[in-house]
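Engineer: Each chain, letter by letter, is given below.
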Amino acid sequence: MASDSPAPEPLIAVEHLTRRYRMGPQTVHALDDVTVTIRRGEFVAVMGPSGSGKSTLMNLLGCLDRPDSGQYRLDGQEVAGLSSDALAAVRNRSIGFVFQSFNLLPRQTALDNVMLPMVYAGVSRAQRVERALAALDSVGLWERARHRPTQLSGGQQQRVAIARALVNDPLLLLADEPTGALDTATSLEIIGLFQRLNRRGITIVLVTHEPEVARFAARVLQFRDGRLIDDLRQEPEVAA
Amino acid sequence: MTAWDALRAALESLRANPLRSALTMLGIVIGVAAVIAMVAVGAGARDQVLRQIASLGTNLILVGQGSIVRGGVKLGAGTASSLTEDDALAVLSETPSVVVTAPSVRWGLQIVAGNQNWGTILFGITPDYMDAREWTVALGRGLSDEDVAQATKVVVLGQTVVRNLFGGGDPIGEQVRVFSTPLTVVGVLAEKGQNTQGQDQDDVIFVPLSTAKRNIPGMAKSNPRFIHSMAVKMRDGADMADAQAQIRDLLRQRHRLIPGQDDDFWMRDLSEVSATRDESSRALSFLLAAVAAVSLLVGGIGIMNIMLVSVTERTREIGLRLAIGARRRDILVQFLIESITLSLIGAAVGVALGIGTAVAVAALAGWPTLIRIDSIVLAVAVSGLVGVFFGLYPARRAAGLNPIEALRHE
Ligand SMILES: Nc1ncnc2c1ncn2[C@@H]1O[C@H](COP(=O)(O)OP(=O)(O)OP(=O)(O)O)[C@@H](O)[C@H]1O
Ligand SMILES: [Mg+2]
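Going down the list, the sequences are from chains C and D. The first sequence: position 240 = 240 (full-length UniProt numbering), numbered continuously. The second sequence: position 200 = 200 (full-length UniProt numbering), numbered continuously.
Watch out, some of these pointers could steer you wrong.
Unchecked claim - Have a look at the derived ranges for each label pair, beta carbon to beta carbon:
#, chain 1, residue 1, chain 2, residue 2, range
1, C, 100, D, 297, 21 to 27 Å
2, C, 169, D, 360, 57 to 63 Å
3, C, 125, D, 290, 56 to 62 Å
4, D, 289, C, 66, 46 to 52 Å
Hint data in this document are derived by calculation from the structure and do not stem from the laboratory. Idealized CB from N, CA, C, for every residue including glycine.
Isolated chain C (complex conformation) (with noise of 0.2 Å):
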């Protein structure tokens, strides 16, 4: 690009993105051609009826899975072509996951939780106690470091495995339903803190069924049968 003023290179550039599964005689088209970029900063909303492609695009997005067809570029580098080591160290390094049932290790404390993914970036033990403590400050569970999963509620649960997928410090953060667990109250805490991460710069693409949950998006991204039908952008409502 030879303009004057370079315009910044999106966080997430998607061409003709494809992905099929074949089951017996039919194929499904899970991701149908989708087109769509994402800045640095975004707070992005994916909604959908089940079935309609959300989770096949999360995971083409976090790179734990490859396309049949079209292009993936995240921060400017071509995914496509990067071997299976590769792709987990942009995972380890790029990319924060939280899951609907967030997924954490049951006979681990909080701090191991969160320590985990330093453990595959080569961080020392000494560091790594520090930072995942500063990350479960960021999500205000600090006191509760040495507690299992257990003996925490489903929020704080959800809370543990966000601090989880930040302590890498992540340019993107994943989110598929996860608030699907959650009571109103609770989901609205943890979208409460979904934005206040979102206003310190971190980019966060959010699966949701919930329209009370997709409000608090800037941008709203509508996909039926595969297919990205709808790319609204909306004034977010501010949560307490």
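Following the hints, position chain D with the ligands against chain C.
Structural biologist: Frame of chain C, contents of chain D with the ligands only:
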């Protein structure tokens, strides 16, 4: 992920199911304990035999007068005094590999001290005999060349004789009598214990060869140079078979035996004894190896089984680890280290149990046991290899999981 992280994760996961982990290790524990205990028993027995053989004297050929009994018929009659001191001198001077020949006579008799008496075997010897048969003195002195030259009336007693005549007290300087001859005790032999046939080697007394011949009635008979046998000691590394053939030729020539005539002496090589013992211990080792192989195989299959269960149970954990940045290699190493940890802890427990069993066998059954470091090293190394070998398939399976499906598991 560092090896240390993997080890911590492995220990954590094994601790989560202590009973299951313990049961899984059992095969390895029993295999390793069996190997170490049985090697200890086998090595102890072998060591005892070797020490007995050494106590007879190594590199040694015994040559005795009289003919070989074949098919119950004694051949070569009329050879009552075929072997002489001159034969011993000739063997020494004319066979290059011979370093010592020690002629001796022997006589079963009663020995009397005060009002005690004891039936034992008297050996009339030269100082070389003690050297050749590797006898040392525990108290006092041995016999000297001068004793032999002067036919001094001195005696060296075996431990069993001392025990029976003097109740184990110090006999040096005491008088004993054999037949009617008084002898002065000048030394006590160091204990040798039983020989391979279970005979007490300490039930002997030694007197100078000349003293025996002069004072024991009927001993020297017609030929004053007569001896019963001689111990022939070879230089280290000498070819025993070769030397035996040379000695045999020499003695046949000296005794003027014509071809076809039987030997009028016998020869015995002590290495034959050790060869048969070697063979039986080799059979034992083979049996041991088979037992060890089977139990380690069973232990390994147990480990593989439980690791496969563990991979299935922890599918979500594996999916999560992959999602947050574990490489497939990290997962592989984590599960491999877990199976190796399992087998090595089993091996450690097995080593302790094996040593305990060996000690208990020694204490309770009275068998000699010898714990061999090399058996421990080998058992632990093989257990480690079992952990790798049987852990590899489950670990590869874990590392090959699709993270998306793994995260959706259950
Ligand atoms: N591994 C797979 N094998 C076959 N088909 C699959 C697989 N994964 C997803 N699909 C199909 O792809 C389509 C999109 O699935 P996806 O999980 O992305 O939907 P979703 O929008 O996340 O739905 P939900 O809201 O229920 O989570 C569905 O029709 C689904 O059946
Ligand atoms: Mg979904």
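Engineer: Indicate, hint by hint, whether the structure satisfies it.
Structural biologist: A quick look at each hint next to the structure:
1. Against the hinted window of 21 to 27 Å, the Cβ-Cβ separation of residue 100 of chain C and residue 297 of chain D comes to about 45 Å, which falls outside the hint.
2. For residue 169 of chain C and residue 360 of chain D, the Cβ-Cβ distance of about 60 Å falls inside the hinted range of 57 to 63 Å, so the restraint holds.
3. Between residue 125 of chain C and residue 290 of chain D the beta carbons are some 46 Å apart, a value that contradicts the proposed interval 56 to 62 Å.
4. Distance hint check for residue 289 of chain D and residue 66 of chain C: the Cβ-Cβ separation is about 50 Å, which falls inside the suggested range of 46 to 52 Å.
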